[in-house]
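K.L.:
Now that you have both chains on their own, put them together as the hints suggest.
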Amino acid sequence: MTEGLNLDYSLLIPEFLLVGLVVAIVGLDLYAPKMKKTWLAYIAAAGLVAVGAVSLGYWDTDDNFANIIVVDDYTTFFRVFFVATAAVICLASATMVAEKFRHPGEYYALIILSTIGAIGMAASRELMTAYISLELLSFSLYVLVSYQKFDAKSNEGGLKYLLLGAFASAMFLYGMSLIYGITGSTYYSEIAVGLQNPTGDFQWAMLMGLVLIVTGLGFKVAAVPFHMWTPDAYEGAFPPITAYLGTTSKAAGFALMLVLFSQAFEVVHDDWSWMIAGIAAATMILGNLVALQQHNIKRLMAYSSIGQVGYMLMAIAALNSDTAQALLVHLVGYMVSNMAVFIVIIAWYNMTGKDEIADFRGMRERAPLLAWVLAGALFSLAGLPLFAGFVTKFVLFQSVWNEGFYWLIAIATTTSVVSLYYYLQIMRQAFVEKPAEGEESRLPVPLLMNGLAAALMVGVLYIGLYPQALFDVVEAATDVLFV
Amino acid sequence: MPFDALLGNYLAVFLATIVGFGLIATALIAARLLAPFSKEENKRTSYECGMTPIGSTRAQFSFRYYIFAILFIIFDVEAVFLFPWAVTLVDASKTAFWEMIVFIGVLGAGLAYAWKKGVLQWNRE
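As they're listed, the protein sequences go chains A and B. Counting from 1, one number per residue, gives the positions in the first sequence under this note's numbering. Counting from 1001, one number per residue, gives the positions in the second sequence under this note's numbering.
I should point out that these hints are in silico values taken from the structure, not numbers from a laboratory. Computed from a predicted model, the values in this text were never measured in an experiment. Wrong hints could be hidden among the right ones.
The calculated DSS-like cross-link candidates involving lysine-lysine, where the alpha carbons are at most 30 Å apart (straight line), are [to be verified]:
{"hint": "1", "chain 1": "B", "residue 1": "K1116", "chain 2": "A", "residue 2": "K149"}
{"hint": "2", "chain 1": "B", "residue 1": "K1117", "chain 2": "A", "residue 2": "K34"}
{"hint": "3", "chain 1": "A", "residue 1": "K354", "chain 2": "A", "residue 2": "K37"}
{"hint": "4", "chain 1": "A", "residue 1": "K36", "chain 2": "B", "residue 2": "K1116"}
{"hint": "5", "chain 1": "A", "residue 1": "K34", "chain 2": "B", "residue 2": "K1116"}
With the Cβ distance kept under 10 Å, some of the chain B side facing chain A (calculated, not the full set) [what the hints assert, rightly or not]:
{"hint": "6", "residue": "G1008"}
{"hint": "7", "residue": "Y1113"}
{"hint": "8", "residue": "K1116"}
{"hint": "9", "residue": "K1117"}
{"hint": "10", "residue": "Q1121"}
Think of the CB as a built atom: it goes at the ideal place given N, C-alpha and C, for glycine as much as any other residue.
Bound-form chain B, shown alone (with noise of 0.2 Å):
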């Protein structure tokens, strides 16, 4: 392709971002200049639904959520998976049909392994 369709083709992006750039600094350097400033200290903390905040904001939270995501995300995926497979069960062979059986299948193998080491007890010793 020439390089100057290749340009021609591209012009409109590259405007766009120019133009994108140029409304967003516009908007910071407007603020800077227009809006007046007020240094306070209560508007240093965090904000808490208008309440004054209690204790620090780093909170600490249970690491178990983690796997409980990890397991989430899984299904999840396989959800992604199972709704085309739905789609075009009919028309698709029965070698698709089997292959998303396996693919449950090893899911669920997963998820039993997942059960058996304890992972899904919240209170574990």
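So that you can see chain A by itself, here it is in the shape it has in the complex (with noise of 0.2 Å):
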């Protein structure tokens, strides 16, 4: 049965090496028990660095393997995109795991173990595999939000993401077999090809399978109204896992959005477009508007990343290749002042222990490097000018707004406007307010939290203001799509 097929392992090597890498991981805890644990970060983020290294030498590949995983330049682009941000996640994490867990190694080779199944969701053209990439990154995620063992809130978020999380992949196990009854493959060009006939009888069996499709993914992706685990299990998990989940997790399932509503339903654009831009008014409206009355730091960005969504799920609902392009646009933009707040909460929550909103009085006097950092950060996620924020944001809203969704465009600004109500709260706390009495001291920032923010930073304001290296870069991945 394998004639005919490309079973060429040579284009797996980048995944191959990041199952090494957790092996590696894996056994040097065990087996070297006198190192000291910071090292598994730095070996960890090392790794995933030659990792992506190594993938980027496949640029201008465009080659599958056995019909199921392909290797061009949107795999590339989002292999390099998973791995560094898994290699920030884990030098975010450095002091605090070895400080805290009693089993770091995991801890590091779960993330790593979720950047593959990341990769996978972007890289595979059948439901099957899609469908396991899709596993392997949440089982990975739903261990690591509930990793403080013997803290209720942890286990709580844990619990609600992995009942809801199993709930959305049956309901997208079940999407996936109705399509596949109507159009008898999983592989997504032949679903294009069976649907491009007329469906006749079975065209509330396909608006089923579309819904539940949707359904699922909304859930993964966190979108108004499959959005309820969201702020628990941001606010339950470690701060680093809570950056992860906003990033990867939300990035993975837009990739698969992308290649599965582009290359497959494509066909049928009318019938799931009304569907999504729905779906993506509810998520813009509900997530920025709750944002407004959160106090806990995490349960703020858990609803400002909900209203982010939002926004990228515009660009799915007018899917077409300059949508594509921008929603890819607008994901880099948002990863890097994402992980820039976050490192700015990780820093203050390792050297303070708190993560109310409130709790961020004085920061610009106790760690100016860390306010300023904060403040164009949120800038840039509020979408000002200078910033990336403002730059992803304007291409997003014009490649929707060509595409006729003039009232998904209007809620959009508005909701932005909005954010940035919320955003300003935190800086004012940062900037305006004094520190606590007794507290007005400098904290020790460590290099590496200080470095890494600064590095996002420069990242920001890159975007921000040359932002052509990434379009040239994102043409390239999403030409591939559309042909």
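P.N.:
So, in structure tokens, the structure goes:
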């Protein structure tokens, strides 16, 4: 049966290397007990960067593995994206994990495993492979969210995430089976061919399949009304994992959606466009309005990320080659800005052990560099000029506008302004409020945290001031989807 | 498929369901109506091979069984995968052979990991 299929294992070398890295990290943790546990983080990050460099060697490749996994510029883009995110998260958790957890090796191993899952979601061109990659990502995240074994909130968040995640997976699977029943294939390209023929009697089955698939993926990216698990999981999780949930997990969901809808379902665009447009509108409105009332920084960032998902969903609703490009641009800008905010939150939590918004008071005096990075990154998330968020939002909104979704853009711009209010609330604490009495002294921010925050800020400014380089890369990455 | 045909195909299932419920209901109602009842305190104690039970019925057992059970299930599932593979091994391609070797290797690595973590040691400090 394998004749005619391309079983070229060399295409999957980056994934094999990641698996090797997982084994190496767990092995080091087990067999070198005297080694300092912070080194595990540095080794993991170094390994991830190396894998990123190897993946770059696949730029301009256009090949596939047995028709189920494609290695092209799109895959390479996401390989580098996910690997870079995971490397930053590993570095950011170095000191805390070494101090707090009894099993530091498994922590990094799970992060790397979930990265493999995320890459698989972007690379697969077949529903079962996509589903298994999705589960690899989700399973690792369920464990990571509840990693603080003796913390009730962490357990609560993990359990809610697990139960709703399993529910979403079941929906996604059922949707898949309906689509398979109508088209007779799980390959994206053959689904597209199957849907081209008039579906006649199966119109309702197809709609049901699409609804279920949209619901399942909506849970994974935390779109309203499937967002209920998000605030609890974000609040309960260990801060670096919260950052990881907000970037990799969402980006992977969108990577999968973009391929699935452009390759398989594009022929029935009118049947799903309205569903996603509706979800996008609800997500933008609810995410940004509920964020206004939050007092815990992690819950606030959870709702802020829900709002951001709404903007990104608009691009899926108005899917064409322009919006796909804009979506990837926005994903990169969002990733860099969001990580910068979270590096500040993590560093602050490490030093003070607090994560309420009111606890950020006096940050400008106590940790000036972190405070300025926080300001820049929050401005970027709100979409103010100079910073990455302005360019990426502008490109995103314009491309969706050109597709005729004027009402969505009206909601998006209005809610953007609303979002500025709650981002400014954090900045008011950091810049205007004086530090609490007895806590005026400078905090000893570790060099690693300052370095990470500064590096991400440079990224935010670079994308904001000179976005052309990013546009070129993204154009090459999405070209392969729209032939 | 027309609705009538659908109904026809499943008629037997519906009938079996109804008859099944009917049988059980008849047995329960008949027992309630016909059987004699006596209220005796000893009837409420738990049954333990004819002896008078000692202690509470809520016995505790070691939580460690749980990890052994999980390890056991993993290798049980491995066996389930191994049987069909072994039956078709002669006709299957070389890839199938090596894929199963990799699969066993992964599970072996998992066992080595559990071993090194000290999970298999019954009396741990």
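K.L.:
Is K354 (chain A) close enough to K37 (chain A), meaning Cα to Cα at most 30 Å?
P.N.:
holds, 24 Å
K.L.:
Answer holds if the nearest beta-carbon of chain A is closer than 10 Å to that of G1008 (chain B); otherwise answer violated.
P.N.:
At about 20 Å, which exceeds the 10 Å cut-off, the nearest Cβ of chain A leaves the hint on G1008 (chain B) violated.
K.L.:
Given the hinted pair K1116 (chain B) and K149 (chain A), is their alpha-carbon gap at most 30 Å?
P.N.:
Roughly 21 Å between the alpha carbons, so the hint for K1116 (chain B) and K149 (chain A) holds.
K.L.:
Given the hint that K36 (chain A) pairs with K1116 (chain B), test it: the Cα-Cα distance must not exceed 30 Å.
P.N.:
holds, 19 Å
K.L.:
Is the hint on K1116 (chain B) kept, meaning its closest Cβ partner in chain A is under 10 Å away?
P.N.:
This hint holds: K1116 (chain B) lies near chain A, its Cβ roughly 5 Å from the closest one there, short of 10 Å.
K.L.:
For K34 (chain A) and K1116 (chain B), compute the direct alpha-carbon distance and say whether it is at most 30 Å.
P.N.:
holds, 15 Å
K.L.:
Using Cβ atoms only, decide whether Q1121 (chain B) comes closer than 10 Å to chain A, and label the hint accordingly.
P.N.:
violated, 15 Å
K.L.:
Measure nothing beyond the straight line between the CA atoms of K1117 (chain B) and K34 (chain A); if it is 30 Å or shorter, mark the hint as holding.
P.N.:
Judged against 30 Å, a Cα distance of about 15 Å means the pair holds.
K.L.:
Have a go at the Y1113 (chain B) hint: is there a Cβ in chain A nearer than 10 Å to its own Cβ?
P.N.:
holds, 7 Å
K.L.:
Once the shortest beta carbon distance from K1117 (chain B) to chain A is found, is it less than 10 Å?
P.N.:
Hint holds; K1117 (chain B) Cβ to chain A Cβ min 7 Å, cut 10 Å.
Of the numbered hints listed earlier, those contradicted by the structure are 6 and 10.
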